[in-house]
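Novice: Going line by line, the protein sequences match chains A and B. Note that the working numbering gives residue 361 to position 361 of the first sequence, counting from 1, and the numbers run on in steps of one. Numbers in the working numbering are just positions in the second sequence, counted from 1, shifted up by 1000.
The hints are simulated quantities; they were obtained by calculation from the structure and are not laboratory data. Cβ coordinates follow ideal geometry from the N, Cα and C atoms, glycine included. Check before you lean on any hint, since a few could be wrong.
[What the hints assert, rightly or not] Simulated crosslink set (PhoX-like; lysine-lysine; CA at most 20 Å straight-line): (1) A:236 to B:1278; (2) A:535 to A:586; (3) A:376 to B:1037; (4) B:1012 to A:380; (5) B:1274 to A:419; (6) A:119 to A:57; (7) B:1037 to A:398.
[What the hints assert, rightly or not] Counterexamples of contact, computed for chain A against chain B with all Cβ distances above 10 Å: (8) 2; (9) 57; (10) 126; (11) 152; (12) 190; (13) 194; (14) 209; (15) 240; (16) 264; (17) 317; (18) 375; (19) 419; (20) 461; (21) 540.
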Amino acid sequence: MEVVFRIGALAGEGAFVMGRTLGKIFARAGYYVNGYPEYPSLVRGGHNAYTIVVSDKPVHSPRQNVDVLLAVSRDALLFHKDSLKDKAIVFYSKQFSTDGLEFKPGVKLAPLPISDVLKEASAPVIMKNVAVMAAALSAVGLPLSYLEKVLEEEFSRKGEEILNLNKKVAQLMYKKSTEKAEIQLKPVEGAPKRIYASGNEITALGALAGGLGLYAAYPMTPASAVLHTLVAKMEKDGHNVVVVQTEDEIAAAQMAIGANFAGVRAMAGTSGGGFALMTESVGMAALAETPVVFYVAQRVGPSTGMPTWTEQGDLFQMLGASQGEFLRVILAPGTLEQNYYLAAGALNVAEKWQLPVILLSDKFLAESHFTMDEPKEQPKIERGKLLLEDQPELPMGKRFHRYALTEDGVSPRIVPGVKNGMHVGTSYEHWEDSFTTEDFDMRKKQVEKRLAKLKGLYEEQPKPTVYGDGDITIAVWGSQLGPALDAQALLEAEGIKARVLHFSWLYPLNPEKIKAVWKDKTIFFENNSTGLFTKLLFMETGLKPEGKALKYTGRPWFPEEIAAVVKDALKSGIKAEVRQAESFDKYEFYTPWRYSF
Amino acid sequence: MAGLADFNVAEKPQWCPGCGDHIILMGLKQALAELDKEPHETVVVSGIGCGSKLPHYIRTYGYEGIHGRLLPLAEGIKLANHKLTVVAVGGDGDGLSEGTNHFIHAVRRNNDVNYFVQDNFIYALTTGQVSPTTPKGRKTKTTLNGSYLEPLHPTAVALAAGATFVAATFAGDLMHMKTVMKKAIEHKGFAFVDIYQPCVTWNKNYSYDWYKERVYDLQKENHDTSDWKAAMDKAMEPYRTKYEKLPIGIFYQTDKNAAFYENLHPFADGPLVKQSFKRDLSKDFEQLM
Chain A
1 MEVVFRIGAL AGEGAFVMGR TLGKIFARAG YYVNGYPEYP SLVRGGHNAY
51 TIVVSDKPVH SPRQNVDVLL AVSRDALLFH KDSLKDKAIV FYSKQFSTDG
101 LEFKPGVKLA PLPISDVLKE ASAPVIMKNV AVMAAALSAV GLPLSYLEKV
151 LEEEFSRKGE EILNLNKKVA QLMYKKSTEK AEIQLKPVEG APKRIYASGN
201 EITALGALAG GLGLYAAYPM TPASAVLHTL VAKMEKDGHN VVVVQTEDEI
251 AAAQMAIGAN FAGVRAMAGT SGGGFALMTE SVGMAALAET PVVFYVAQRV
301 GPSTGMPTWT EQGDLFQMLG ASQGEFLRVI LAPGTLEQNY YLAAGALNVA
351 EKWQLPVILL SDKFLAESHF TMDEPKEQPK IERGKLLLED QPELPMGKRF
401 HRYALTEDGV SPRIVPGVKN GMHVGTSYEH WEDSFTTEDF DMRKKQVEKR
451 LAKLKGLYEE QPKPTVYGDG DITIAVWGSQ LGPALDAQAL LEAEGIKARV
501 LHFSWLYPLN PEKIKAVWKD KTIFFENNST GLFTKLLFME TGLKPEGKAL
551 KYTGRPWFPE EIAAVVKDAL KSGIKAEVRQ AESFDKYEFY TPWRYSF
Chain B
1001 MAGLADFNVA EKPQWCPGCG DHIILMGLKQ ALAELDKEPH ETVVVSGIGC
1051 GSKLPHYIRT YGYEGIHGRL LPLAEGIKLA NHKLTVVAVG GDGDGLSEGT
1101 NHFIHAVRRN NDVNYFVQDN FIYALTTGQV SPTTPKGRKT KTTLNGSYLE
1151 PLHPTAVALA AGATFVAATF AGDLMHMKTV MKKAIEHKGF AFVDIYQPCV
1201 TWNKNYSYDW YKERVYDLQK ENHDTSDWKA AMDKAMEPYR TKYEKLPIGI
1251 FYQTDKNAAF YENLHPFADG PLVKQSFKRD LSKDFEQLM
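Next up, chain B with everything else stripped away, as it sits in the complex (with noise of 0.2 Å):
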């Protein structure tokens, strides 16, 4: 059995000192060391950005591909061999911009990957521009004058796509955000997961301090999981307060959708990559005649 140890890698981490991704990369393999997992069986994939460099830095598979497209290559991964743990991890610019479209329907086919979005507002490896998520007045280096545009609200957007769980943690709460993971990891079926992020380099205003100052654990609050009203409801709430309360936790799981490989009957003889597909063609060919 796999212990944290064999998921390390000789290498260091390039990432700045006091990044999140350090905690991230941490809260990950105690995830997958906790829920027994095999660095064989896991594979982490991710698309361009500084948490993007995050595969090199576990000692599991893993593909380093291109910016905003880690979800349809996550998934692709997964249809050929849906027992492997697939974990998608990238920021806010690389999915909640470039990636969008493939992150709203990635949650509609509900493959079972697990997503773990970076999110620290601001785009960091391209040095400082406006991301999908920073919020509104921050000056950036696109938005010199403070940003214009509403924040796109990850869990929100989530939520309304029909995703089958939903959840946001804090990357300065290793404990929480592993939990989380692990009840991600668990869920059969697409896992979103926010992770406040703060980016030390890039964007000071938001430091450790001041997101502790506004996170509250939804399972601390009686929240609902089954609820999706109120999940809504806590996924706007960053919005609606001007970022004075940032709730994390589950904000909605569900059971009720089935996972994309439930839908299809390849997938009942096990793995695709372990089927064999020397095919007998003469039906088909007798079909054209």
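Next up, chain A with everything else stripped away, as it sits in the complex (with noise of 0.2 Å):
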């Protein structure tokens, strides 16, 4: 049991805030919930839309056709109409003509009179959205009060009378409505109370949970959502985080990299073109060895591309970051519940096998809004081989050896406070001493301990995880979980089984681990042009998928498409390689005053 939302309306008439809020509403009616917001680069002028999946069972993607369409502005009926479901309910403003528009014989179209009822409640248009989230909640059934009490959490603050006029224009408006769905939302008895949050607020909190100290930013979307809830953690919630908004991302790295060498946990966050100029500092962090994360939420390049949607293009921007050879760790959650663990794993990481690590989003994952149960395990804090007790005394003249020649490749660390320390962290090559050299067998060797970390992060990556089984295998990485989820269960319905693999960790790649889970027809489906992953892949484990899917159109996968794409495969082979093409909606969201009607 499935209902699909979706509101649309001209940037800045609060499709996001109409749309977290309903999201949380079904949330809290005890529904699984996604919420997909699409906007394009601009504040006011274009257009908007979020879509809600409320769903009985676990959902993890947007859909693209939907029951219930909230056309808040007029081009929304235009933008969205051929995006309907048979049976779909169009609620609009009575206001609104729709001459010209011709929509499927099914559909209801469902004009609201949202003037009438802000005049009856002597209310501000401001509050015709409050009108419009009524209608949607009399339409599927669920009680009003589900909203009054979103408002009075939102609103109370603001004083008696504006909570009450918004009452009341909801009150009216709920009465008023009268087009009810086919699917109706009750509430759901003994449903636990979960969360409904973006993947950037969850990885702030993952962070904390994993004892992030310091945060350092320069705004980007679509990571800055990260760099505000963390600042939301300090000043509102009174968390010892300490969050920097930086003059650019240079600096963002720089402190990042500063606050963990005095034995602090610290994370820089960005997107692509931000960590371009975190480059420099990543290599940094390797050769010094100073643990460091960096969160990179992806969107679409090159250069400013597409600002405000998705892409998983910059994996090999990633790996190949900085001058010269060295490990990197990158991460890439697929669900909020990754966001939170590898958020504090990546913290981990970084400081058991001291070196960068790189968290790797993007603007779908990051920013769209999921249900999640609290989490029940608090992640362990494993901070490796760091020494914050003073230390003997060192003969005069001499320096604590923090580059230490170890088998595992990790030396001793010590930061500055602690005793007989004293070192130099530093981007030239170096004696165990820390003293800078350009002697060739201490370079060998220095070289050898920082790539003998290896034989450990084999044994620190996890297996790729398996979900389900079948004949045929949905290969993804990072965000495209969701869809991939979504698309096995599409199949199931229609009786076909079909198995997901699913990368969380990017690199480096164990070949054993891989080819343990690896099977034979499988199809790759990457957010990129260019089939990134599967590059590296062969490039470190020789296994190739039959099949390569790509989407790189600016929107994620979606389940329906990768089921198409599967269902075909099944029928006539699968093809080396998909080139999807966007399959609904396609409407260009910066300019729609060239589609006037």
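Using the supplied hints, reconstruct the complex from the two chains, each of which is provided in its own coordinate frame.
Specialist: Below, the structure is given as structure tokens:
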């Protein structure tokens, strides 16, 4: 049982606030929810949309076709009318003309008397969104009290008068709106309380759970919400995390490395463009063996590209960032839970192995909302060979052997403030005591020491995760797990069994662990145009999927599209390469005025 | 208690004989020792350049990072443990060219970091190219007919950005340099010191004698260090007088602006590095339900 809503509005009209609010309400009513925002790179003038999938079974991704369209602006009617299901309901202000618009025969048009309701309640126009949300609840038979509770939480600080006005608008519209959806969403008895949050928000909380002490960032879509969340955790919620908005991404990277050097877990966050600026710092952390975590939320590149859309195009940028050869770890979460545990885990890996770790997300996972149970387990904090106790006295003029040659490649690390640990964190090649060297033998030994960490990382790496079973495998990495899992469910409903293979540990890759779960008849779905991970996989393991399916329109893979590729493969064999075209709502949100009707 | 010898390392500095860096290193060691700083509670941070090798020649904690980025690196260290003494040292190319953005914003943040610029008017490690502070008309490897750009005025830039401590000193006057360094380290907030330093290899025109004829001590001239306008006037004097007069000493100092760590509550509970990060996030999750 699943109901799909889509809110369409002019940029600045509040589509996301409404979407998030409705999503939260359905989560509170006991349902699994996915909320997916789409918007152009501007503040006013374009079109915004927010798709909500509500289900009694777990949902991990948006859908193309909707049951209920909430057209806050008139252009939403045009933009979304072709993605309506056969018996969909379309709510819109009765003041909007539908002249020149053709809807499918079964679609129910439900003009709302928004202006009348506002007039009757003596409410300002700004409250029209409350009216639309009330109509949405009314359509699926969810008690209005859910909306009233949210209004109380949002508006009680603005005073009784404003709160009551909002409530009155909601009550009037709830009664006046009579169109009912086929599927009714009664509150689910005994459902647990669930979190409704974005990948960015949960990344922030995961990092806090993992002992984050400092976060440094320069604002950049789609990573900024981590910065916003952590600032709120510091300034409003009283957490002892220091958040600095720096002058640029280079400063953010350096500040995070500095804090880690001095013993505080720190992270720098950005998107691909900002990470390009952090590049030189990645190599510095690698040579100095200072732990550091970079959170990178990809968007559509190269360069400014399509800044508010999604793509998995930066994998090789992560892999190749900075000159020279060195180990780094790249992790890419696929769900909110993975955002939580990998954010904490990235901090552990960085400190245990004393190297840079990149936590790679993208706009789709970072800015979409999902339901999630409150994590039961507190992530473990593992700091590796970190010395925090005073050390025995050093001979006069001598330094601590910070870069001591060890078998596992990890040397004891010590931080300023601890007695007799004096040494230099250094970007130059160095002796064991950190003094600069150009000695050929020591160079060779230090290179080998740093590379020796690979063995431990091979052990640290978890096996790729397998979901379900079947003859054919849908392989994905990072954020595309959600659409893959939902495609698996769609196929299952048609009696087709498919297996999902998901990579969240992207680099380095232990061939044995991958071969253990690898099967023939695999199609690798990537959200990019050249199959970056498929190339990396071949490089590292020699494994090659029979097919790769690539999508690079700016949108994520939709489960319907994945299911169609799989069905086609089962019918007429796996194609070596599929290039997916966008299949719904093909309007350009940046320039809605081009589509006047 | 640590003495001067505790800051010594076994290795000999690899700088040109007569380079100002030798004297700057000595001045810094003396300043730290005289202020009773402990080597393990001191961090000397640098970027890349001749002078940036300094952290290797002083037995404190240190970080030699990458060109131009020493300030945010030093600030990160300071934020992790604001009880540490953090000194950033770097040249004019490092800090006033590649790192200018960080310089201006580090001044604004007013983190309690001491920034000593080894200002020799030239790129030395890369063998003699023009630098942001190279005087107009000076021939270098990249200005064969003489530099045609106005030089950057480091003390004036610091003042304009709102610095709370701005000073200059001369590597040929160890006593003066040490005194200014000590005042800078004692200052709460970002302290900027421009150190005139001869480069005996690539900038022979500006010798110790050339500087000695031109520098004069502001503190012997009744200069009011609380007067921002007077400080700005002195900061521009070298350019106004075509380098005939080079004021050194403290130009400006104020305690009116909060140091960075005074703005944010987590620092009130002591150095971050000593705090517990075991957190109860149940309320944070509750907000999202």
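Novice: Which hints from the list above does the structure break, by number from lowest to highest?
Specialist: Hints 2, 3, 4, 6, 13, 14, 15, 16, 18, 19 contradicted; others consistent.
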